[in-house]
Amino acid sequence: MAQKNDIAIAEQTDKVNNNEVVIHIKGLKKSFGDKEVLRDINLDLKRGENVVVLGRSGQGKSVTIQCIAGLLTPDDGELDVFGEAVTEMNEDELKQLRIRLGFLFQSGALYDSMTVRENLEFPLTRVLKLKDQQEIDQRIEEVLEGVGLADAADKMPSDLSGGMRKRIGLARTLIVKPEIMLYDEPTTGLDPITSREISELILNMQRKYKTSSIIITHDLECAKITADRVVVMNDGEYIAEGSYEELQASDNEFVRSFFNEQK
Amino acid sequence: MAEQAIPAWKKWLEGIGEQGVFFTRFVRNIFAGGFEWSEFMRQCYEIGYKSLTLVGITSFIMGLVLILQLRPTMVDFGAESMLPRTLSIALIREIGPVITAIICAGKIASSIGAELGSMKVTEQIDAMEVSGANPVQYLVVTRIIATAFMVPLLTLIGDVIGLFGGYIAINLTDDTSFYLYFHKCIASIEFIDFIPAFIKTIFFGFAIGFVGCYKGYNSNKGTESVGIAANSAVVTASLWIFVIDAIAVQITNLLYY
Chain A
1 MAQKNDIAIA
11 EQTDKVNNNE
21 VVIHIKGLKK
31 SFGDKEVLRD
41 INLDLKRGEN
51 VVVLGRSGQG
61 KSVTIQCIAG
71 LLTPDDGELD
81 VFGEAVTEMN
91 EDELKQLRIR
101 LGFLFQSGAL
111 YDSMTVRENL
121 EFPLTRVLKL
131 KDQQEIDQRI
141 EEVLEGVGLA
151 DAADKMPSDL
161 SGGMRKRIGL
171 ARTLIVKPEI
181 MLYDEPTTGL
191 DPITSREISE
201 LILNMQRKYK
211 TSSIIITHDL
221 ECAKITADRV
231 VVMNDGEYIA
241 EGSYEELQAS
251 DNEFVRSFFN
261 EQK
Chain B
1001 MAEQAIPAWK
1011 KWLEGIGEQG
1021 VFFTRFVRNI
1031 FAGGFEWSEF
1041 MRQCYEIGYK
1051 SLTLVGITSF
1061 IMGLVLILQL
1071 RPTMVDFGAE
1081 SMLPRTLSIA
1091 LIREIGPVIT
1101 AIICAGKIAS
1111 SIGAELGSMK
1121 VTEQIDAMEV
1131 SGANPVQYLV
1141 VTRIIATAFM
1151 VPLLTLIGDV
1161 IGLFGGYIAI
1171 NLTDDTSFYL
1181 YFHKCIASIE
1191 FIDFIPAFIK
1201 TIFFGFAIGF
1211 VGCYKGYNSN
1221 KGTESVGIAA
1231 NSAVVTASLW
1241 IFVIDAIAVQ
1251 ITNLLYY
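Going down the list, the sequences are from chains A and B.
Mapped onto our numbering, the consecutive letters of the first sequence carry residue numbers 1 to 263.
Mapped onto our numbering, the consecutive letters of the second sequence carry residue numbers 1001 to 1257.
Certain hints may be false.
[What the hints assert, rightly or not] Label pairs and their computed distance ranges (CB to CB):
(1) A/Asp112 with B/Phe1077: 33 to 41 Å
(2) A/Asp112 with B/Gly1034: 19 to 27 Å
(3) B/Ile1251 with A/Asp151: 43 to 51 Å
(4) A/Glu93 with B/Lys1050: 54 to 62 Å
(5) A/Gly33 with B/Val1065: 48 to 56 Å
None of these hints come from the bench; they were simulated from the model.
None of the values given here were measured: they were computed from a predicted structure.
The beta-carbon is built from N, C-alpha and C at its ideal position, and this holds for glycine as well.
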């Protein structure tokens, strides 16, 4: 227990001492046709920090992280990852950036024609170009143990439950040891117990792999467990920012109603 | 504000442009290195071996039916002995390649369109892309090359099975030896019958793979889109087969006659 506390204190000290901004977003805008989804998004993510973006469904929370990963191109604004503008990157530069980014999709997005082992091997052999089978097996074993599914290696994704798929999706993302993790609704569609387990797993994995994370969710429990800082989004803008406890006591009507509605 | 409708011709031109960009990505990724051999072999098995029964049955029936339909007319003209020659030329030049390609368009283009469409809907393609892997190289290049490789092979096998079907049909009414029948079939085929027909099947295969991949890879996000991608892949690939066939016949005639 004492050792656990020491680790937690050391991590907090690291965070305080390390103010390097790994993601810088300023005035980000994105529209789909006539619908303005992101109006003016401003956010800085520091190294080792977990930022949770809270907001109602369909408000464009996921669009922000899709822009960060280069899956969508913003209409306007600054978007720098590791000090480089994502919008000015060519295909090769984007590929190099993506190796340092991890993205956990809402559904887990497991390759359903492959077994769990093949899913985990895929980024190792295609992205990191690892050839040593012993090293590959060792990494797979380690990451599967990390997510608590050591015996699932030979299962097909269709044989897994929703929670297990999310865990394997997380394992596949973490296996390349990314520096930044982007989570898209990691607990949506799960029962409260599994949601809590996934939230705790996110926190443990963040501590183990020392990643910086943006977590998109509307699950307050997930935000409470994982967040160093919470931003609340409404109508294409971030309207409030602070710790979970600060936002709980916010004067802003939307923030207050958001927190109270989910109690 | 009401959304302005985009004119059909603009949409059509946009579609042509998108296909051009997709084709460029495909070509660039062939030469990008790191060819996915194991996935290519898997696709050859899925596309080739698993279509063999369907192509075989269809070709056999085509050979059988053609002889049964031709025979009365040929008998009237006293040209019954020409049946093997007529069948082999018709089958190898035109009917074999087109029928095989149409069967493959129905089976392969729809299956590729549905598979990639479903991967798009379930964000598997996005997951591949965002991990830094190359989905075009893994999913598109392997499927298009496997189709362009397997459709000609399936056509060759289909042609032989079709000729065998013809042999059975002839023997329903006459007594022709296996050796004599196939000797007549092979003796009547020349270089210009076989090579252009073989080359066009490579283009048929390419069109089937390309259209299937394009429709699936660019499908919208929604379960309905999977069905639309599969359906649209079959229709477009079938249309392309006839267009390519018409062009191939013209080129062959210009070059050899």
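Do the hints match the structure? See the list:
In this structure the supplied range 33 to 41 Å is violated for aspartate 112 of chain A paired with phenylalanine 1077 of chain B, their Cβ-Cβ distance being about 59 Å. For aspartate 112 of chain A and glycine 1034 of chain B, the Cβ-Cβ distance of about 23 Å falls inside the hinted range of 19 to 27 Å, so the restraint holds. Range check, isoleucine 1251 of chain B to aspartate 151 of chain A: Cβ separation about 60 Å, and the 43 to 51 Å hint is violated. Taken as a hint, the range 54 to 62 Å is violated for the pair glutamate 93 of chain A and lysine 1050 of chain B, whose Cβ atoms sit roughly 40 Å apart.
Restraint check, glycine 33 of chain A to valine 1065 of chain B: a C-beta distance of roughly 53 Å satisfies the suggested window 48 to 56 Å.
Of the hints listed earlier, those the structure fails to meet are numbers 1, 3, 4, in rising order.
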